[in-house]
Each structure stands twice: as C-alpha cells, then as structure tokens.
Amino acid sequence: GQQLNQSPQSMFIQEGEDVSMNCTSSSIFNTWLWYKQDPGEGPVLLIALYKAGELTSNGRLTAQFGITRKDSFLNISASIPSDVGIYFCAGQLPSWNQGGKLIFGQGTELSVKP
Amino acid sequence: DTGVSQNPRHKITKRGQNVTFRCDPISEHNRLYWYRQTLGQGPEFLTYFQNEAQLEKSRLLSDRFSAERPKGSFSTLEIQRTEQGDSAMYLCASSWGLAGVDNEQFFGPGTRLTVL
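Sequence lines, in order, name chains A and B. The opening position of the first sequence corresponds to residue 1182 in our numbering, with each subsequent residue numbered one higher. The opening position of the second sequence corresponds to residue 597 in our numbering, with each subsequent residue numbered one higher.
If you're looking for bench data, these hints aren't it; they were derived computationally from the structure. Computed from a predicted structure; not experimentally measured. There could be a bad hint or two in this list.
The calculated label-pair distances, taken between Cβ atoms and stated as ranges, are [stated by the list, open to error]:
no., chain 1, residue 1, chain 2, residue 2, range
1, B, Gln637, A, Leu1226, 16 to 24 Å
2, A, Pro1189, B, Pro666, 41 to 49 Å
3, B, Thr710, A, Ile1209, 36 to 44 Å
4, A, Glu1290, B, Ile622, 26 to 34 Å
5, B, Pro666, A, Ser1263, 37 to 45 Å
Even for Gly, the Cβ is constructed at its ideal location relative to N, Cα and C.
Turn these sequences into a full structure, and let the hints steer you where they fit.
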C-alpha cells in the first residue's frame, strides 16, 4: 500500500532554533496536511496544502506542497517549548475513488530544550 | 465546544469482551472517518462514511469490527471478542465534502483501548 517516508524521526533542539521536517511519497497526492499530536490526544491540524508548489504559512509555521506532488516540508521558526510533540504529515487520496482517506507518515518527535 | 468528540476517552477490557466507541463529528460535516493508531506509528485508515452510507472499509477491519452511522450524525465502532492486538488509540475524524471536493479532516481526542 501507499506509504509516506517522514524524516527525521526525532529532533532535539534548543529553544529559539528553527526546525525543518519533510515527507516523501512514491505516489502523487492532491492534498498534503500537517498535524501535531500531543500525548494521549488526537492530531490537531496545522496546515493544509491544496496546490502543487503552494507555500503556506500559519504563524511560525511554513509548509510547502512539492511541485512533483510527491513531497512536502514543514518549517517551524524560532521554536518554543510548547512546540514539543509529534508532527505528522498526511497525504489525502481523492474521494471519488479512494474515499478521501489520509495516509500518514511515521511522525517526527520534536523536543525543545528551554 | 464544536469540535469532534469521542467517548469514552479510555477503555480497559478483558480479552473476549465486546466494546463500543462513539464519535460525534462537527455538526455540519457529512463525512466521518475512523482510524487506528498504535504506539509510535501514524494513524491508519479503518473506514469512512458519507452521511449514513459506509463507503469503504480497510482490510485492517476484520469481521469482528463493525461501524455504523445510522442517521448520518454520530457514529459507533464496535469490536467483538476483543484481542490483545486490538489495543490501540481509535481516532475519529470528520470533514465536509462533495463529489470531487475533499476538505481537511478534523480529529477527535481519541479512545484509548487496552485489552488485558
């Protein structure tokens, strides 16, 4: 089945540093989404990308939809302690034939040292 | 709170028992998805509904699993004869979509199932 390769698996950084993580796929997606998950909670949507090449920002977060539609990256600038958590990328399959379901990466666990 | 809600948040059961989880989606959303997440992994798709119709089921959904969305609003996921391998976080997500139009999915807090 389809799989997303997300890297790095974990990051341990100093507060104030910038962070970058990415996802690649062997399949094309029409939509890429980035979620953050805290322990014991459900994923929370951070950014949704709908067009190849699209660059979208949400506060200190910036994400891009790769031009080939097979990859995406997420940057976090000036990290703060509350950025700690697990970040997931997800590619969305078209609903007309595959239900609009999400295929998730394995996650990037971010730790921020104050 | 108008987000997706799930109940219970935690469930501990003995192997062989049946369990049922409930999901209440965002009220105007017509699509509802169930995912399962094991420790250290991303969520995996189980099944989805458009209104009351169950349109797709994953091969992960064995015949011990059944999901319903009787009135196109809340949904239930039942697991019969639970096994230790069913221990996981069960996540529900909802979205609004039309034919050919897919919108972002919003997740509930999940139900953590532990099978002893």
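Quick rundown of the hints versus the structure:
no.: 1; hint: B:Gln637 <-> A:Leu1226: 16 to 24 Å; in the structure: holds, 19 Å
no.: 2; hint: A:Pro1189 <-> B:Pro666: 41 to 49 Å; in the structure: holds, 44 Å
no.: 3; hint: B:Thr710 <-> A:Ile1209: 36 to 44 Å; in the structure: holds, 38 Å
no.: 4; hint: A:Glu1290 <-> B:Ile622: 26 to 34 Å; in the structure: holds, 28 Å
no.: 5; hint: B:Pro666 <-> A:Ser1263: 37 to 45 Å; in the structure: holds, 40 Å
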